[in-house]
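Trainee: Sequences are here, hints too, so could you generate the full structure?
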Amino acid sequence: MIRNMNSYPLYDDGEHKVFWLGIEEAEDEKGILTNQYLVVDGHQAALIEPGGFFVFTRVLKNVSSIVPLTQIKYLMYSHQDPDVIAGINLWFEYAPLAKFVISNLWVRFIPHMAVLSAGRTIGIPDKGSDFTLGNSIIRAIPSHYLHSPGNFSFYDEKSGILFSSDIGAAAFPEGEWYLFVEDFNEHASYMEGFHKRYMSSTKALRAWVRKVRELRPKVIAPQHGAIFRDEHVGKFLDWLENLEVGIDVFEGEFYGE
Amino acid sequence: MKRKNTTVLINAPKDNVKQILEDVPSFVTNWPYVVRVSTKNGLTAEIMMPRFVFKFRDIYRFTYFADYNSYIYEGTGRRGNISLVVTLKEQQRNVNAVLELSYRGKGEFWLGKTLQNFVEKIGLVLKDLAENKPIQNQVQPSVDVHGSTVLNVDFSDPMSVANFLSKSRMVHSGLHVIGEKGLFDLIGELRDMIQSKILYVSGITNDGASSFKVLLDGSRILAIEYRTQESVKAVKVEKDEDARMAIEIASEIKGTYMVNVWIPVGGV
Chain C
653 MIRNMNSYPL YDDGEHKVFW LGIEEAEDEK GILTNQYLVV DGHQAALIEP
703 GGFFVFTRVL KNVSSIVPLT QIKYLMYSHQ DPDVIAGINL WFEYAPLAKF
753 VISNLWVRFI PHMAVLSAGR TIGIPDKGSD FTLGNSIIRA IPSHYLHSPG
803 NFSFYDEKSG ILFSSDIGAA AFPEGEWYLF VEDFNEHASY MEGFHKRYMS
853 STKALRAWVR KVRELRPKVI APQHGAIFRD EHVGKFLDWL ENLEVGIDVF
903 EGEFYGE
Chain G
12 MKRKNTTVLI NAPKDNVKQI LEDVPSFVTN WPYVVRVSTK NGLTAEIMMP
62 RFVFKFRDIY RFTYFADYNS YIYEGTGRRG NISLVVTLKE QQRNVNAVLE
112 LSYRGKGEFW LGKTLQNFVE KIGLVLKDLA ENKPIQNQVQ PSVDVHGSTV
162 LNVDFSDPMS VANFLSKSRM VHSGLHVIGE KGLFDLIGEL RDMIQSKILY
212 VSGITNDGAS SFKVLLDGSR ILAIEYRTQE SVKAVKVEKD EDARMAIEIA
262 SEIKGTYMVN VWIPVGGV
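Chains as they are written, first to last, in our numbering: chain C, 653 to 909; chain G, 12 to 279.
The set of hints was computed from the structure by calculation and includes no laboratory data. Heads up, a few of these hints could be off.
Below 25 Å or equal to it, Euclidean Cα-Cα: the simulated DSS-like pairs (lysine-lysine) are [said to hold, decoys possible]:
| no. | chain 1 | residue 1 | chain 2 | residue 2 |
| --- | --- | --- | --- | --- |
| 1 | C | K848 | C | K810 |
| 2 | G | K124 | C | K810 |
| 3 | C | K669 | G | K208 |
| 4 | G | K132 | G | K192 |
| 5 | G | K66 | G | K124 |
| 6 | G | K244 | C | K713 |
| 7 | C | K751 | C | K779 |
| 8 | G | K192 | G | K13 |
| 9 | C | K779 | C | K810 |
| 10 | G | K29 | C | K713 |
| 11 | C | K713 | G | K132 |
| 12 | G | K138 | C | K713 |
| 13 | G | K15 | G | K25 |
| 14 | G | K29 | G | K15 |
| 15 | G | K247 | C | K713 |
| 16 | G | K124 | C | K669 |
| 17 | C | K870 | G | K132 |
| 18 | G | K132 | C | K669 |
| 19 | G | K25 | C | K713 |
This structure is a prediction, so every number in the text was calculated from the model and none was measured.
Mentor: As structure tokens, this is what we get:
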């Protein structure tokens, strides 16, 4: 079972910092480990994809060793899956001044997580929006239907890191884990099955790739799997652009020809 | 060869520490700056420091030896060899672990400070892992609110709070002004609105400078925490003296707070 309780700095220019916050595999996750990230600018922080109950201790420990929890300004959720959002009631208490950032589509579902979120939730409009963190901007980039109908990636302009939600997710074989992609072809074989089944639409995927190319990110950091940097960013976008996913692949299998 | 060492006092039984040290893949995965692990053909781990910190990167193939109180991890890399020896000295209630890290290879003359930092971080990781059980083991399987594992909240232990919150529902959120010794007036107001014997009430000021959390069973305080910029006061009430201290802490709380109220509802 893979369990790395340490954080790892991805970017640091003295004022602006980005951390990956460790990883651990629950018995049922079958190699699909969840990544959480912290962006800090001056005295403000944003926790990206805070995660569920089972990762809470590690994430809390790592975040609080970097910033006081009252400095967390945003808890940023790409979509509504339990592995992203199930710890929301815990973070409600532990990051008491933070706002919850999620697609407008999911705002009305948050009370089902047993929290009274009015006043603390920011619904992101479908076209996306910008969030100020200290002297930096985090942009919510539409990623709808990849895989959730209300889905966003988050782009940290200062570091050039794009937090890509489930896009780029990979399932590691048993006993294997790495933080950064080194062998793209091998890594693509760990991503393919997930993308074909979980991503809904080839058209949506290509629209996302087009948008991301405009941003020119230096790093793409998904919610599952490994981080793309250097030449692997381009390889990953090329790979996505040529991938058929979702209903375009499975229509015949699911509904008959 | 460069050698650096550190000693950590671990507040856990020796068996816990041994368990961590003997699970070699898991222990090595938790060394600082490990970015790749494979157990496919023996254990290999890549250690890579962030580019903006120090240029150091190699993949090590590990072998492991142990005798009755020493544990040796030898990593053979392409540019150098790294070796960690952990020696345990059991004391009455805790364990002293002495860690010695040595490195021979490329750049060893530049690595003194880095190596010291590295061995200290490994020491802290060992302490952390041995002192904390995995979260999965901390989760209580059932909730009997009045029984009651869920009420076993100690505000100095975040997981006990998380355990409570994961089985609770938020029933009120709003801005409240708490006057001098006014927390109990607020609790009285909340009780008029909320039909639950057990209440978890938390509050934070707008600037985050002051916050409190209190768990109540009827009028009895079970646990309380009050944080200001100057201090953190927390008590879990187990005896009369704790109860007195809890009331003293409660009476210090005043100001304008965003207050959240949770009640236990059960669940797994």
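Trainee: Indicate, hint by hint, whether the structure satisfies it.
Mentor: Evaluation of the provided hints:
| no. | hint | result |
| --- | --- | --- |
| 1 | C:K848 to C:K810 | 32 Å, violated |
| 2 | G:K124 to C:K810 | 30 Å, violated |
| 3 | C:K669 to G:K208 | 45 Å, violated |
| 4 | G:K132 to G:K192 | 45 Å, violated |
| 5 | G:K66 to G:K124 | 13 Å, holds |
| 6 | G:K244 to C:K713 | 20 Å, holds |
| 7 | C:K751 to C:K779 | 20 Å, holds |
| 8 | G:K192 to G:K13 | 60 Å, violated |
| 9 | C:K779 to C:K810 | 21 Å, holds |
| 10 | G:K29 to C:K713 | 23 Å, holds |
| 11 | C:K713 to G:K132 | 15 Å, holds |
| 12 | G:K138 to C:K713 | 14 Å, holds |
| 13 | G:K15 to G:K25 | 24 Å, holds |
| 14 | G:K29 to G:K15 | 22 Å, holds |
| 15 | G:K247 to C:K713 | 21 Å, holds |
| 16 | G:K124 to C:K669 | 23 Å, holds |
| 17 | C:K870 to G:K132 | 29 Å, violated |
| 18 | G:K132 to C:K669 | 20 Å, holds |
| 19 | G:K25 to C:K713 | 24 Å, holds |
Comparing the model with each earlier hint shows violations of hints 1, 2, 3, 4, 8 and 17; every other hint is respected.
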